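**Student:** Listed here are the chains, written in short residue letters.
There are 4 protein chains.
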Amino acid sequence: MDLAMDAGALEAFLAVEFPQVAADFAVDAVGADGVTVRLRVADRHLRPGGTVSGPNIFALADLAIYCAILARIGPKALTVTTSAAIDFMRKPAAGVDLVAEARLLKLGRVLAVGDVLIRSAGAEAVVARASLTYSIPPER
Amino acid sequence: MDLAMDAGALEAFLAVEFPQVAADFAVDAVGADGVTVRLRVADRHLRPGGTVSGPNIFALADLAIYCAILARIGPKALTVTTSAAIDFMRKPAAGVDLVAEARLLKLGRVLAVGDVLIRSAGAEAVVARASLTYSIPPER
Amino acid sequence: MDLAMDAGALEAFLAVEFPQVAADFAVDAVGADGVTVRLRVADRHLRPGGTVSGPNIFALADLAIYCAILARIGPKALTVTTSAAIDFMRKPAAGVDLVAEARLLKLGRVLAVGDVLIRSAGAEAVVARASLTYSIPPER
Amino acid sequence: MDLAMDAGALEAFLAVEFPQVAADFAVDAVGADGVTVRLRVADRHLRPGGTVSGPNIFALADLAIYCAILARIGPKALTVTTSAAIDFMRKPAAGVDLVAEARLLKLGRVLAVGDVLIRSAGAEAVVARASLTYSIPPER
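Residue numbers (UniProt numbering), protein chains in the order written: chain B, 1 to 140; chain S, 1 to 140; chain X, 1 to 140; chain L, 1 to 140.
Pulled out of the complex, with its shape left as it was, chain B reads as follows (with noise of 0.2 Å):
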C-alpha cells in the first residue's frame, strides 16, 4: 500500500483548504494502518465546565478519516462527508488535547469507509469513537 500523502503534505494540504480551522489540529502520524490527527485544545472548544464540545469531537473525527482518505488517494479536496455515526463515552480530561486515531476499513472508487478512537492525550479510555463515510469525486 503506498501512501499518496505524508504528515506535512496533509498539514500543508488543510492550512490551504481549510484556513479557519486548519491551525487547530495536527497530523500527528501517518502510517499503512492509519492515521492519527490531533486537535489542540483551546478555550474556544470548550463547554461550560471545561469539557470539549461535541462538534469539536466530531470535527476531529470528521478530520482524521478525511486525512486517512488523502493519505491515500491524494489531494482530492471534493471528498465530501455523506455520513457519521459517533458515540460519546466519557468526558475528556480537562486541558489536554484530544488525539484521534483512525482507520480506513474501505477504499473504494466512490466511497471510502472508515472509524476512529478518539482518547485525551496520554489516556487509554476511548471519549468517542465514531465511524463515517466519503464519497469520493468522480474524476479520481
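Hints were generated in silico from the structure; no laboratory data involved.
As the structure is a computational prediction, the values presented were derived from the model and not from experiment.
Here a beta-carbon is modelled for each residue, glycine too, at the ideal position from N, C-alpha and C.
Mixed in with the good hints, there may be bad ones.
To be verified - Calculated from the model, a selection of chain B residues having no Cβ within reach of chain L, i.e. all distances over 12 Å:
#1 Gly8
#2 Ala12
#3 Glu17
#4 Phe18
#5 Arg40
#6 Gly50
#7 Ser53
#8 Arg72
#9 Leu78
#10 Asp97
#11 Ala112
#12 Ala130
To be verified - Keeping only pairs whose Cα atoms sit at most 16 Å apart, straight-line, the calculated EDC-like set for lysine to aspartate or glutamate is:
#13 S/Lys106 <-> X/Glu124
#14 B/Lys91 <-> B/Glu124
#15 B/Lys76 <-> B/Glu124
#16 L/Lys76 <-> L/Asp33
#17 X/Lys91 <-> X/Glu124
#18 X/Lys106 <-> S/Glu124
#19 L/Lys106 <-> L/Asp33
#20 X/Lys76 <-> X/Glu17
#21 B/Lys106 <-> L/Glu11
#22 B/Lys76 <-> B/Asp6
#23 S/Lys91 <-> S/Glu124
#24 L/Lys106 <-> B/Glu124
Claimed, not checked - Cβ-Cβ distance ranges computed for the label pairs, FRET-style:
#25 B/Gly95 <-> S/Pro48: 28 to 38 Å
#26 L/Gln20 <-> B/Gly95: 45 to 55 Å
#27 L/Gln20 <-> S/Ala32: 37 to 47 Å
#28 X/Gly8 <-> B/Glu124: 25 to 35 Å
#29 S/Ala29 <-> X/Val80: 14 to 24 Å
#30 X/Ala121 <-> S/Leu107: 45 to 55 Å
#31 B/Ala4 <-> X/Arg109: 39 to 49 Å
Once you have looked at the hints, place chains S, X and L on chain B.
**Tutor:** Chains S, X and L alone, transformed into the frame defined by chain B:
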C-alpha cells in the same frame, strides 16, 4: 403535553450556558410537535466554496434536539449527547441560514431520542438528517 | 413524481427476489410521500417474552426503504444497503404486526437515503426509527 | 478485568434464552479484549446470489457485542440494544462462515458501547462494521 420552556426561555438559557456559540443560533419556534432552530450562517461557518461545514451542521442538529428535550423537561444543562447518526445529502444554498426541524421520538427517564431535518431557509430539499440520543441526568 | 411500481408490483418483485422472507411482509401502501410496509409478526420473529427481535425490526426497516426506492426507480434488484442507523425505543406490543412508514429523503444517481418509523399496528408510540443509505447500481 | 462468562457459558446461555437462533451461532473465543462470534452460514441466511442477507449480518453484530457485555457482567438477559450503526462494505464470500470480532469500548452503569468487525472466515477484508449501544437493567 406541557412545555417547560418556550423559545425565549430556551434562548436565554443558551446564552448563559453556551456563551461562545449561542449568538449563532435562533430558536424560531417551540411547539408540541418539536422545535425549529436556525443557524445564522456567517463566514466563520463556511468551507471554501461557500458551503456550511459538516461540524456546523452537526452543531445545529445537536442543539435543535437538545432544545426539543429542554422544552419538555426544563433547564437541565447536564443533559448530554450520547450518540448521533447524521447523513449529509445536499450542499446548502450559499449565503442562506440553515433551519432545523427537530422532533422528540422518545423521552424516557434516562434516555431521550429525537430526529431532525435540516434545510436551507426557504427551500424544500433536505440538506441533512440526523438522529441523536441524549442521557438525562438522574436528579431529574 | 412518477411511481415506477405500486404495492402489487413490489410484492410480486419481493416474492421472486426474496422467496425466503417475502411472505413475512406486506406492502400496505405506496404513495408520493413514501411507502408503508408491514411485518406479519409470527412466533419465529419473537424473542422470549414475546417481543420482536432486533434483527427482524432491522429487516422491516431495511425492506421498507428498499421498497420506497424501487417504487421510484423500478425493479433494480442490485440496489444494496450500504449503511444503517437504528434506534430501538420501546418494546413492540405482543401479538401485533409491526408497521413501517418509510420516506425517501434523497434519491441521487448513485446513493439514496431514507428514514423510517416503526410502530405496533394501531399504536401511536414509535417502537424504532432507522435511517438507511443504499447504493444504486450504475447501469441505471 | 475479570470475565464473568466464558465461551461455553455464553453458548449455554444463548441456547436457553434464544432457542430459535442459538444454533446458528458459535462463540469461538472470549478474552479480555473482546469476543469472537461466528455465524454458521446456511441456505436460510442467504439472499439470491449467495450473499448473506443484511439482517443476518446485523444479527451477528448484535449478538457478538451482547456476548462481549455478558462476558463481563454475567447472564443479564434483559440487557437490550438501544441503538446500532452498521456499514455494509463488501459482499461476503459464498459458502463461508462469517466471523465477528467485538470489543467493548465502554461498560457503564446503565449503558454499554461496543464495536465489531465482520469478515468472511479466513479473509482479511472487512465485510461489515457496526457499533452498538446497550441498556443494562438497573437491578445490576
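**Student:** All hints are to be evaluated individually against the structure, with a verdict given for each.
**Tutor:** Verification of the hints:
{"no.": "1", "hint": "Gly8", "verdict": "holds, 29 Å"}
{"no.": "2", "hint": "Ala12", "verdict": "holds, 30 Å"}
{"no.": "3", "hint": "Glu17", "verdict": "holds, 26 Å"}
{"no.": "4", "hint": "Phe18", "verdict": "holds, 25 Å"}
{"no.": "5", "hint": "Arg40", "verdict": "holds, 24 Å"}
{"no.": "6", "hint": "Gly50", "verdict": "holds, 21 Å"}
{"no.": "7", "hint": "Ser53", "verdict": "holds, 20 Å"}
{"no.": "8", "hint": "Arg72", "verdict": "holds, 15 Å"}
{"no.": "9", "hint": "Leu78", "verdict": "holds, 21 Å"}
{"no.": "10", "hint": "Asp97", "verdict": "holds, 20 Å"}
{"no.": "11", "hint": "Ala112", "verdict": "violated, 10 Å"}
{"no.": "12", "hint": "Ala130", "verdict": "violated, 9 Å"}
{"no.": "13", "hint": "S/Lys106 <-> X/Glu124", "verdict": "holds, 12 Å"}
{"no.": "14", "hint": "B/Lys91 <-> B/Glu124", "verdict": "holds, 13 Å"}
{"no.": "15", "hint": "B/Lys76 <-> B/Glu124", "verdict": "violated, 33 Å"}
{"no.": "16", "hint": "L/Lys76 <-> L/Asp33", "verdict": "violated, 20 Å"}
{"no.": "17", "hint": "X/Lys91 <-> X/Glu124", "verdict": "holds, 13 Å"}
{"no.": "18", "hint": "X/Lys106 <-> S/Glu124", "verdict": "holds, 12 Å"}
{"no.": "19", "hint": "L/Lys106 <-> L/Asp33", "verdict": "holds, 12 Å"}
{"no.": "20", "hint": "X/Lys76 <-> X/Glu17", "verdict": "holds, 10 Å"}
{"no.": "21", "hint": "B/Lys106 <-> L/Glu11", "verdict": "violated, 32 Å"}
{"no.": "22", "hint": "B/Lys76 <-> B/Asp6", "verdict": "holds, 14 Å"}
{"no.": "23", "hint": "S/Lys91 <-> S/Glu124", "verdict": "holds, 13 Å"}
{"no.": "24", "hint": "L/Lys106 <-> B/Glu124", "verdict": "holds, 12 Å"}
{"no.": "25", "hint": "B/Gly95 <-> S/Pro48: 28 to 38 Å", "verdict": "holds, 31 Å"}
{"no.": "26", "hint": "L/Gln20 <-> B/Gly95: 45 to 55 Å", "verdict": "holds, 52 Å"}
{"no.": "27", "hint": "L/Gln20 <-> S/Ala32: 37 to 47 Å", "verdict": "holds, 41 Å"}
{"no.": "28", "hint": "X/Gly8 <-> B/Glu124: 25 to 35 Å", "verdict": "violated, 57 Å"}
{"no.": "29", "hint": "S/Ala29 <-> X/Val80: 14 to 24 Å", "verdict": "violated, 39 Å"}
{"no.": "30", "hint": "X/Ala121 <-> S/Leu107: 45 to 55 Å", "verdict": "violated, 23 Å"}
{"no.": "31", "hint": "B/Ala4 <-> X/Arg109: 39 to 49 Å", "verdict": "violated, 27 Å"}
Hint compliance for this structure: hints 11, 12, 15, 16, 21, 28, 29, 30 and 31 are not met, and every other hint is.
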